[in-house]
Each structure stands twice: as structure tokens, then as C-alpha cells.
Amino acid sequence: MREAYLDNSATTRCFPEVVELMNKIYLEEYGNPSSMHHKGVEAEKHITEAKKTLAQILKVKEKNLIFTSCGTESDNIAIIGGALANMRRGRHLVTSMIEHPAVTESMKYLESQGFEVTYLPVDENGIVSPDLVEGAVRDDTILVSIMHTNNEIGAVEPIREIGKRINAKNPSAVFHVDAVQGFGKAQIYPKKWGVDMLSVSGHKIHAPKGVGLLYIADGIKVKNLIYGGGQQGGMRSGTENVAGIAAMGLAAKMLYQDFDASIDRLYGLREKFLDEIDDIPDLRVNGPAGRKCAPHIISLTVPGVRAEVLLHALEEKGVYVSSGSACATNRPHTSATLEAIRLPRAYLDNTIRISLSEMTAEEDMQQAAAALHELIPFLRKYTRQ
Amino acid sequence: MKYQSFLIKYAEIGIKGKNRHIFEEALVRQIKHALKPCEGNFAVHRTYGRVFVECQSEYDYSEVTEALSRVFGISGICPIVETPVVPIEELRKAAADFMKEEYPDQKATFKVHARRLNKEYPVDSMSVNEELGEAVLMACPNLTVDVHKPEIMLHVEIREKIYIYSTIIPGPGGLPVGVGGKAMLLLSGGIDSPVAGYMIAKRGVKLDAVYFNAPPYTSERALQKVVDLASQVAAYTGPIWLHNINFTEIQLYIYEKCPHDELTIIMRRFMMRIAEKLARQSECLGLITGESIGQVASQTLTALGVTNEVCTLPVFRPLIGFDKEEIVKVSKKIGTFETSILPYEDCCTIFVAKHPVTKPRLDIIKRHEKNLDEKIDEMVERAIATDEIMIVSKDETRIVKERDGELQV
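As given, the protein sequences belong to chains A and B, one line each in that order. The first sequence runs 1 to 385 under the numbering used here. The second sequence runs 1001 to 1409 under the numbering used here.
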């Protein structure tokens, strides 16, 4: 059976070129970048090069980038490390109700340590209002964390405007952005936008699992959470994941070539797919319409069909999607994002996420649309009564 | 302390009359099987109503005692120090050394319990007791004698060798697996069925198991959960043949043709029918379920009667009089609880009605089953043909028949 992998917001397939590069590093240029000899220098070059590429894409300085093990780690360092380093100035943080658990759980930890956190609501499309952010920021606010692109419904937040408002209200408040879903799908310029910290993950952009990136602007105080050999300026001790880092650099470089054309292509696939399933009755597409939504995420509510059942039925047809957000599988949970956009309660369990990537072909989308046409009427016949 | 061997106690097998050797041989077989994955060389032999595990090399004490404490039929495991048959002076020293090493500086009461089975030994049991008691008292100033309620019982058995021990690690009891034939367990992902399987296996019965899965309504992870449960039970019972039956088609057909409040009961009747067919094919002598009276609508006495009606093989329900709490307790003891509570939907719950019948009438159920006449027989055949068979043991799972494939053992 043909495989249509449409769960790219959970993780992506590696670019073959990326695997080739990693293969070379694992088998030939496998040195420890901290070693004095040639093998070490060779390995270090890969890190330098990846850093250069990523710095160019983000339009920031190389020295402001540190590599981590994943997006979650980047978020943890930014939020917990940021709060710990700035707690003398205040103990208040601001975030939204639709953040990834890597952010909300870090916030909850801080709350347990005596910090105060304001969780901002979003509108029915999942957009955080800059006005509300401005209103929430106080003199004792030390950190604001708002995601770039929501992982469940694809809402793209007005980061630039939010950055401006925070700066106007309290210039010393640190602004962190979780760009795990946005990076590779949008042009993101943290320095220009007044973003002080930005998290990125490798495996969402066709690099392997196990590597992440954190941008920390000049002058931003962050307490390191890991202690050891003092690598990466002491911010993140531990021997660098050379192959993973090089992979993330190369994958990013490939994604940002002909960037506008590939984003246009993804929007095209998205629109065409939505047209094709338009005749299935009672469907609901969540999140903003058109270009206000990320090009790669389609949140689809199918009343009368349990998401998990639809997911497994699609799987039997070779189509892989997710129900809710894949990072929280194994636990039947109600999605905080879907609740925050006030999706009717009965639909919370009826929502799947179809997510695309650079590697998604038109046939994948056609296969998914055909499967939905066939399955939805069938599954709607059998419901719990 | 270095123990050279383990004395295995078995209460119940001892009383089985002329069949005793069958039970003992089965016990020896099960012990050998349980020790196979353990590091070291062991010899298992039986003499005069005793089974000994002789450790012929270095071994890991906790690994071996854990393995042995999962063998049904064993009531106690005694780690032993052995000496050749030596004169009483030397035996005095051996007993004193044993106690000194076993209970250094511990304040406690003790008693010596000697048995002289080798009548050629010149000192009788009573005198051995006295001699050794005195020797231990002199060697261990913290120990005192209490002949009525001693905290430590020092056992000394004089046979072809002399065996000294004072610890009895409890075994699970029951009878060795295999002496009681084989039965088919209806295994769901819940808390009850693994416990039911464990309890029947404990009576010496070998287990096969059947799981009904219903893709896309149940997931691959739900199947994995059942495999995991089977492997946890297999740690006690030895390898389990697990049959994985695709039940979706039948379930949807019942949904279409029968009243919703009777769905679960009719579904269970078909599960029992299929389980019984599989049981007969694999020479099982009965079915095992985790049902307990009144736990859910399909487990009222009336409902159980209606379900039972489709079977001619006996259906064993070892949990029938258990409260949930009691079942959970066993489930925690045998290590299946944590897996059982993972939240994957199983096929019994997917279409469950809000108010299922609690007092189904057999004649009405049968009448409604008539609605299924057109296709149900072929569906049952097809379901049985989907049988995927895995041999699940404690440490590995091996597929011996793929869906629609041939059996390959």
C-alpha cells in the first residue's frame, strides 16, 4: 500500500542528504569537538558551519545560538533558566493558554516554586491578542512566552506586534518564542522582532530527533540547567551532538532555499485538499483561514466520528495523521488548544490533525482526501449510543 | 553467605498418593525451566520427598530466588549450607559458624530443629539439638534459646549429607503447571482477566489465551498491551499461546442488526463461541474468564447465564466472588496492574450502550440473534481465519502464525 505520511507536525522524515551527512560524521568524522587533535577540529567545523547557516537564516549572530537535545529542552532552559536568572526583578510570567506542554509544564513548575503566571486566552482562531499581552505585562513581569505557530491548529501568532507591545510596557521583560512548529515554515527574525529567546527543534524540519536550538539575545540573563564540562559557553554542558547539529544545519539550509516557492506550494496543497473534502457534510476546519494559518497544519473536526477511530481507519489506508497533538499520545486528553478556541465540547474528541511538509506530494493529499470520502460516511453509521 | 543449594518445599504435592511422582516430575521440570535464564549451572533432583536445587557454579542469589518464587507448586525455598556427614564436634562448629554469619550481632531467640534421617549417625536428634544449641549459644552471645516461640528456627537435616538452613522464602503455592491440562483464557486489556489466568494456572493448568481486537476501533498499542500482560502472566505459567482474533466485522454486524442495549451480551456470546472453537482446536479443557458477579451489566447472574448458554466446555471464573479491591490486590502482587490500567480502548467498550440490559432473557436474546442468521456463520469462520498466533513468554514474543498465514512452529 502507498504510504501517505501526513503527521509531519509530530515528526518528519529526514532528508536523504541529511542522513548521508550524518553517516559520514558517524563513520568518518566522529571526533569530539572538544578534542585538541585533528579529529576534534574536523568535528568542530561541522558545528561552526551549522551555526553559521542557522544564524544567517534567523539573521542573528552565531554566538547567540546554543544547541540542545530538543525543542522541549530549549523551552525549559529559556523559561526556567530565564526566570531563575531574573527573579530578583520580579516573579511574574505571561504566556498563552495554547502553548505546547514544554512551555506550560515549565510554567507550572515555576508556579510551584512561588512564581505567578498569567495564562492569556485566545480568540476562536487561536490568535493571542497583542492588547491582552500588553495589559498583562506588569512592572514585575520578568518573562513572556508566546508560541510562533500553534502545533494543533496552525494559528500563527502576531509575534512582531507582541514584541513591540512588551517592549513598550516593560522593556526589561524577556520575550521567549517557541518556534518549533514555525521554523522552516515561515521567515522568522527574532532580533529584528524584539524576541529575546527562540526555540527550534531539529526533527520537525527533516533532521533527526535529539537536537534542538535555542537563540539567546545579547544581554539576556539565563541560568544554565545542566552542569558539566562547560561546552557552549557553559550554557549547555555535554558533548555536542555533532551529527544532529550538522543535520539540523543542512536541513534548514535546504528548507530555506527557494523558500517562498515551497511555502506557496504547501498553501496550494492545503487549499486544494480543503476544496476536495468540501463536499463531505458537517466538517469543520479549525484555526485561521488562508495565509493567516500555517501552510502545513490542517485541523479537521469530523462530528460523529471519534478521532482515534478515524486515525486508525486512515492508517489501514496508508494515511498517517494524528489526533490532537502527537506529543501527548498515550493519554486520552482533551486538548488545551481546542478548548481554548472554544470548540464545542462534543467535538473535542472528533478532531484530527493533518500536517504537511516539504516532502509531502500532491498524491499524498489526494490519497488522504479519497480515504476521508470513503471512511467518514461509513464510520458515521456506527456510533456509540 | 554462600549457599550451595536450595531445598524446595511443596506442601500440596506431598499428599497426592500414587500420582505423587507425576507432580514431582512436573515440579522439577518447571523449576528447570524457571532457572534456564538464570546465570549459573544448576542441578535439580528429588530424593525422599524433597526437591533440591544444587548450585554447581557461581550464581546470583536474588535472581535465583525470584525465579523460584514464581514456580507454582513451591510452598517454600530454603537456602542451604551443606557439609559432609561429620562427627558431632565438627557439626557443632558448622552450626555455630552458620548462625554467626547469618545473624551477626542480631538479638533474637532461636531453637535447633534436627532431623536424623540417616540412622547410622551415632548421635540422635534430641542430643544433636542439645549439642548444637549449646554451640550456638557459646558462639553468638546475642542469641538466646526459646523452644516455644523462637524467632529463628535452625534446621539441621542429617541425610547422606548434612543440610543446615534457617530461612524459608515463601513460594506461590499451588500445583506445577502442566499437571492439570490446558485451558483457554479470554484475555482483555483489563485488570481481571490476567488475574483469572494466574489463578487457574496456579492450580497446575497450562494457559492458552485469546484476545479479540477490533481495528480501527482498537489500536496496535491495545494489542501490545495485551501481549505485555500475557508475558507478565507467562513469567509464572511458562509460554502462552496467544490468539489474536479480528472481531470488527462481527461487532459492526451486531450493531446493525440487534438492539443496542443487548449489544454487549450478544457480542460476548459470540466471543465465547469463538473462544470455544479455538479451545477445542488446541485441546483446551475449559475456558477462563475474569468475570465477577455484578461487576458490570454483562456480569449479573442472569447475564452470565445467558453468556454461558453458548458453551459446552466448562467455563472457569476464578474471580466470581471477588471484589474489585481483592482483584486489584492480586494484580499488583503478580505485576500486571500497571499495564492493565493503561488507557487503551478494548473491544468490549467501544459501542457499549448507555443503559445495557442487566437482566437479559435468553429467549429474547436468541430471537434477536436470529437477525444475524444471514451472514454470521461465515463471519465467525472468517474471524477464526484471521487468527494470528503468538507464543508469548516472559522475555520474548514469537509470531508463529500471521493473519491468514500458515502455522509455523
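Treat the hints as calculated values from the structure; they're not laboratory data. Be aware that a few hints might be false.
[As the list claims (entries may be wrong)] Computed list of lysine-lysine pairs in DSSO-like fashion (alpha-carbon distance at most 27 angstroms, straight line): (1) B:1394 with A:317; (2) A:317 with B:1206; (3) B:1036 with B:1394; (4) B:1375 with B:1206; (5) B:1257 with A:381; (6) A:63 with A:108.
Comparing the hints with the structure gives:
Using a Cα cut-off of 27 angstroms, the hinted pair residue 1394 (chain B) and residue 317 (chain A) is violated, with the two alpha carbons roughly 34 angstroms apart. Distance check on the hinted pair: residue 317 (chain A) and residue 1206 (chain B) sit about 39 angstroms apart at the alpha-carbon level, beyond 27 angstroms; violated. For the proposed pair residue 1036 (chain B) and residue 1394 (chain B), the alpha carbon gap of about 12 angstroms is at most 27 angstroms, so the pair holds. Of the pairs offered as hints, the one joining residue 1375 (chain B) and residue 1206 (chain B) is violated, with about 35 angstroms between alpha carbons and a cut-off of 27 angstroms exceeded.
Taking the CA atoms of residue 1257 (chain B) and residue 381 (chain A), the gap is about 13 angstroms. The hint holds against a cut of 27 angstroms. As the CA atoms of residue 63 (chain A) and residue 108 (chain A) are separated by approximately 30 angstroms, the hinted pair breaks the 27 angstroms bound.
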